[in-house]
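Student: Spelled out, the chains give:
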Amino acid sequence: MEINTEISPELMFTESSIGKQNRYIENGVKIFFLIMTCLMILPLLLIVGYLIYKAFPVLSFEFLFTNPKDNMRAGGVWAPFLGTIYLVVVSLMVAAPIGVFAAVYLNEYARENWFTRIVNLAVVNLAGVPSIVHALFGVGAFVLFAGLGESILAASLTLAIMTLPVIIASTKEALNAVPMSFREACWNLGATRWQTIRRIVLPNSISGILTGVILQVSRAAGETAPIMFTGAVFYKAIAEGNVFAYNITDQCMALSLHLYTISTQVPDVSDVIPYGTAIVLVGSVLFVNAAAICVRVYLRTRKKW
Amino acid sequence: MNNYCIETEKLSLWYGDFQALIDVSVKIREGEITSLIGPSGCGKTTLLRCFNRVNERYGNVTTKGEIQILGKNIYDPDVSLLELRKTVGMVFQRPNPLPISVYDNILFGIRIHSQFRSLTRSQSDEIVEEALTSVFLWDDLKDKLKTKATSLQLEQQQKLCIARLLPLKPKVILMDEPCSALDAKGTQAVEELMSILEGSYTFLIVTHNMAQARRVSKECIYMFLGELIEHKDTQTLFESPEHEKTADYVQMRYG
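Which chain is which? The protein sequence lines are E and U, in order. 1 is the number of the first residue of the first sequence in my numbering; add one for each residue after it. 1001 is the number of the first residue of the second sequence in my numbering; add one for each residue after it.
Looking at chain U on its own, in the form it has when it is part of the complex (with noise of 0.2 Å):
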């Protein structure tokens, strides 16, 4: 577990003329989650959005810097964005399932990646229940397969969005503030459904609640305007922030 899977150096990005994130370096540990907290604009999302570079979609986007992912660069030519993003795998605030049944929500991204109609009804089946297992749906859902998920509850949006992702094989699961939209039954389902597949992938969670950044993650960073300020393990940096920066954060006193 010491291995670190995602490895940035003085990586710096640019939405135009402004600058959003500053020499960022950072090392983030395979199969643990790590949690990365700071005030709204300091950069969270937009550091999230490099490791699967969908930054580069929104247009206008200048980055300068590496980043390593289980030891290859991303920004390497011969890096597919396709492959990439389907190893690097990104959950949002607001549960984004697809307007097409159950079914083809967890099956969109294998099927975008293999041969058209390769993929045979009992393959497929097994792939879907396997995915709604391992998220705690199955038992839900196993009889509304058909159903539109954009009428399912929140929660299950939610857990079906992180289904979507394990047909894919992801090694790294990147969740930019995924409990947001829900109450707290959900969010209390969804962070130990991330405990349970902690070891499995790799995680990075942008949270603005500091109670579930201390709840669920490994490690820490805090960051803030564009610049990474603190990281430690997040006992250590909730108790004994080395920064004051960090520290004002931590304790509420930002502002």
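Only chain E is shown next, with the shape it has when bound in the complex (with noise of 0.2 Å):
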């Protein structure tokens, strides 16, 4: 194409073919992923409504502080809400500190070789083993060889053997965005590294390090796989309102068993409970999001640079 070198001065800015063409090409493109965005946000929209739509008749404080009745066709999902906050915080409990500091080994002490290569590339693969293998692990190594049973521990160790590896990926990220220069500012000044973590690395970092482990709730709520051989159970019935119902030796419900259970294991009960049950699991992975949100909030004010 020639350039046309004598434009007049009124025409000079006026626009081309080709600058018609890209303008068309750049609204095209942007419309393009705005509608990509809206598919997005439209199934979590329509699930979450259609889920309060149709559980609407039972929810209620009742619903959540109950046990399930008559074979589970009436009732609420105490112990199985009860359970799964059980096997939650038990397998964080675990998964968390070994994680973290993991992650921590991993990222700020850990020289580059072979043995951290192989290691690293564990956590990724780890990170992908669908959640039954992890089921027949926990099974043959928690419950068979540990002789724990099928009880809650079981079940929690097996969960967080499961999250573990997602939870140092998290870490080592939130860790790796602390600019290097803080570091080196800090040995030379002689802090050893424990000093550098401990003052400047972990303050910078525990916003990014507590989302990580947060997320990993959703997945250890919903999970159904790993717990169901290893620690809970189809029914049983533990005093409503007390928050100790549960011993970690004993089984349990979860919530995501329940809802397996009451949708395809026992005929003829209502529609209500299982979307009932939904609400509940969804309601609480939301609520443990959006705490974390929270605490992502606070402590990004408080963030130093």
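Honestly, the hints are just simulated from the structure, not real lab data. We treat Cβ as the ideally placed atom computed from N, Cα and C, and that holds for glycine. Hints are not guaranteed to be accurate.
Unchecked claim - Computed Cβ-Cβ distance ranges for the label pairs, DEER-style: (1) VAL124/E x ASP1078/U: 48 to 58 Å; (2) GLY1041/U x ARG193/E: 23 to 33 Å; (3) THR192/E x SER1025/U: 28 to 38 Å; (4) GLU1129/U x GLU26/E: 52 to 62 Å.
Quick one: dock chain against chain with the hints and give me the complex.
Tutor: As structure tokens, this is what we get:
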């Protein structure tokens, strides 16, 4: 194409045909991305909206705080709700410290060599192992070999093994986001690695680390496979309203498994109960995630660079 | 002023298989400013980082030869790296104040080297005032001690990074292109500061700015591809360099 060098001043800034074409493409692409974003949000809204609509008649505090009754055709979700809380809390109490401190070691202390490369590879691959495989491992290692039997402890440890690699990966990422120059400054003042970590690296990565850990709550709460052979049961009545109703050597009910059984294994369950159970599961996960966002926002206002 | 502060003897350094320093033997005078010049990748920064052994934190580094600082071989087994880094401070190319308050920045070094909570409030205040005064920041920052150091102007940040070293009573201050992120006014301020502090500390400054090397340093070292080519007093090195490579570089014929 020829470039016209003699343009009259009035026409100098008018749109050329190429410019017009670029403008159309620009607008088209923008709208395309916007549509994709809507397509992403839409299912989420539809799912939550549909769940609330279907479960509406049963939603009450009573539903949350009473055990299932009449072969699970009536009553609430207290036993599975509390069971899920136990499983999630115990598994995170195990996975979070191990995962975070391992990530600190890998990111701050370990040098790049064959050992750390293997560890990093293992972490990535473990994160991709299907949860049913973790379940089999949990049965073998915790239920049978360690002799824990089918119990909250065995199920929680299985969930912990499952969440561990993701916690390590997200913690490493958070630590990596702290600029290297801060570490250099500390080292050159004669700080040990631990002083550097304690005073500079952790305070500046704690929000990212916490977010990564809390996001694993929803994963641990939602999984069915790892717990169904290691500690979760079909039915177990517990004291209503008592948060210490389970012992960690007991078996327990869990929301995810409960939802599965009442939707597929028990005949003649009225629709509202499975939908109510789903709402409790989704609601608690959303609640925890919302809490995570609040913590993150709070910590970020204190973030120091 | 005739004592040597840093002496190296046939110092070689490898990053993995790559040899970054080749038999560098140098003597640096105590209480003076010495500049290190040379094209990028010639080993200036590497040499600088040898003097507080911080190179070793970057992994896969092999060193051979000897480095003496104030008469002590820093590779002796009884040398504590943490004490060494206290005595030999470093200032970086980009100001890197820690993401904490001005006050805590100044005290960071001394706090990590003393018993937990052993500094009293009045001692701390005194240390901060003294350090900031010696870099001429006290008047600007005395009302801003609680602000985050990362929100200061770059020039103030860099001066703060120098001030941060002083409470540790360093003997040597290594500077890795301390002015390359600063504007002309900031550069001038840092240079003036160096010449005022000269005498109390031994300065070693890496710079790409030859005018700066001429302005601030008594002695100048020219390095090329890991080797020390020439070490003379600055004026002689710039006006009548002995080696052709030095002449090419200082007269900008390099390239």
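Student: Run every hint past the structure and note whether it holds.
Tutor: Hint by hint, here is what the structure shows:
Here the CB-CB span from VAL124/E to ASP1078/U is close to 43 Å, at odds with the stated 48 to 58 Å. For GLY1041/U paired with ARG193/E, a C-beta distance near 28 Å keeps the hint of 23 to 33 Å intact. At roughly 32 Å, the beta-carbon separation of THR192/E and SER1025/U lies within the given 28 to 38 Å, and the hint holds. Checked against the hint of 52 to 62 Å, the pair GLU1129/U and GLU26/E passes, with Cβ atoms roughly 57 Å apart.
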